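Visitor: Sequence:
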Amino acid sequence: ALREPPRPRTTPLGVLRGVPSAISGGLRLGGRDALIRRLLMTAGAAGTALSALELLTPGRAAGITGAAESGAVLFAGLAAAGFVCSALGNRLAPAVARLAGGSERAVQLSLMGSVGGLLVLAATVSSGSAPALVLTVAGYALVYLGLGAAGPSENDLLHRRVDASGRATALSVQSLALQLVGAGGGLVVGALPSGPLPWLLAAAALLVGALLWTRRSTPA
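So in my numbering, spot 89 of the sequence shown is number 178, and the numbers just go up one at a time.
Because the hints were derived from the structure by calculation, they are not lab data.
Here the structure is a predicted model, which is why all the values come from computation and not from measurement.
Worth double-checking, as some hints may not be accurate.
[Unchecked claim] Pairwise CB distance ranges, derived in the manner of DEER restraints:
#1 G155 x R249: 49 to 57 Å
#2 T154 x A272: 27 to 35 Å
#3 G155 x A123: 46 to 54 Å
#4 S159 x A212: 18 to 26 Å
#5 G166 x S254: 41 to 49 Å
#6 G107 x S159: 43 to 51 Å
#7 P94 x L188: 38 to 46 Å
#8 A165 x S113: 34 to 42 Å
#9 T99 x G217: 51 to 59 Å
#10 V223 x R98: 56 to 64 Å
#11 G217 x A165: 16 to 24 Å
By construction, the Cβ of each residue, glycine as well, lies at the ideal position given by its N, Cα and C atoms.
With the hints as extra help, turn the sequences into a complete structure.
Guide: Below you can see the structure in the form of structure tokens.
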């Protein structure tokens with residue numbers, strides 16, 4: 090069995106005291122390294138897209154079915170399908186990286202796929218026809234598939250760029266960027282009038298995240 094080396098004892102108060110220093114350490118890391126900065130900004134863009142998707146989909150599902158109760162059932166099915174598509178994207182990530190010629194290009198290619206899914210959702214928001222509904226489901230799946238495919242390549246870049254001592258901090262700040270920027274993006278999306286505009290805003294945010302990877306980074 091693999092044995093875990095002993096760790097120093099700590100208390101909940103000690104953990105809380107370490108949070109500000111961990112966050113500041115991660116931000117300093119992003120400030121020094123352009124690749125880490127891109128990863129953090131990409132996480133924020135993905136957070137905005139996910140917030141928009143989770144905020145707008147329940148109402149859209151209710152509009153499709155004609156009732157809030159049946160819409161909730163449809164949304165539950167879509168959410169489950171989203172997890173499946175995300176897992177499938179994770180599974181396809183190595184193949185995407187080989188096809189794209191590296192992790193950086195794979196991140197961009199995957200995010201562009203998600204942007205395409207959001208644009209499909211924007212284009213079909215006002216239509217209730219059967220083809221539009223099929224495209225809506227396909228667009229929803231494509232968003233999660235692309236984000237799922239981008240994740241392992243982002244983790245690979247982070248793993249190669251940050252040593253073991255700072256990796257946990259970098260991952261924590263990356264998660265924080267996704268959640269905080271996503272929360273802010275959700276507030277903006279929620280304030281917009283219904284229709285294609287909120288979906289287009291989410292697509293634009295994710296497009297910015299994808300375009301960050303147009304130029305390859307220099308080795309550390």
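Visitor: Against this structure, judge whether each hint is valid.
Guide: Evaluation of the provided hints:
For G155 and R249, the hinted distance range of 49 to 57 Å is satisfied, since their beta carbons lie about 51 Å from each other. Separation of T154 from A272 is about 28 Å and conforms to the stated range, judged on CB atoms against 27 to 35 Å. Between G155 and A123, the C-beta spacing of about 50 Å keeps the proposed range 46 to 54 Å intact. About 24 Å separates the C-beta atoms of S159 and A212, a value consistent with the hinted range of 18 to 26 Å.
For the hinted restraint 41 to 49 Å between G166 and S254, the CB-CB distance of approximately 43 Å keeps it satisfied. For the hinted restraint 43 to 51 Å between G107 and S159, the CB-CB distance of approximately 47 Å keeps it satisfied. Distance hint for P94 and L188: a CB-CB separation of about 40 Å, consistent with the stated range 38 to 46 Å. Evaluation of the 34 to 42 Å hint for A165 and S113 yields a pass: the beta carbon distance comes to about 40 Å.
Between T99 and G217 the C-beta distance comes to about 56 Å, which sits within the given range of 51 to 59 Å. At roughly 57 Å, the beta-carbon separation of V223 and R98 lies within the given 56 to 64 Å, and the hint holds. Checked against the hint of 16 to 24 Å, the C-beta distance between G217 and A165 comes to roughly 21 Å, which is consistent with it.
Every hint from the earlier list agrees with this structure, and none is contradicted.
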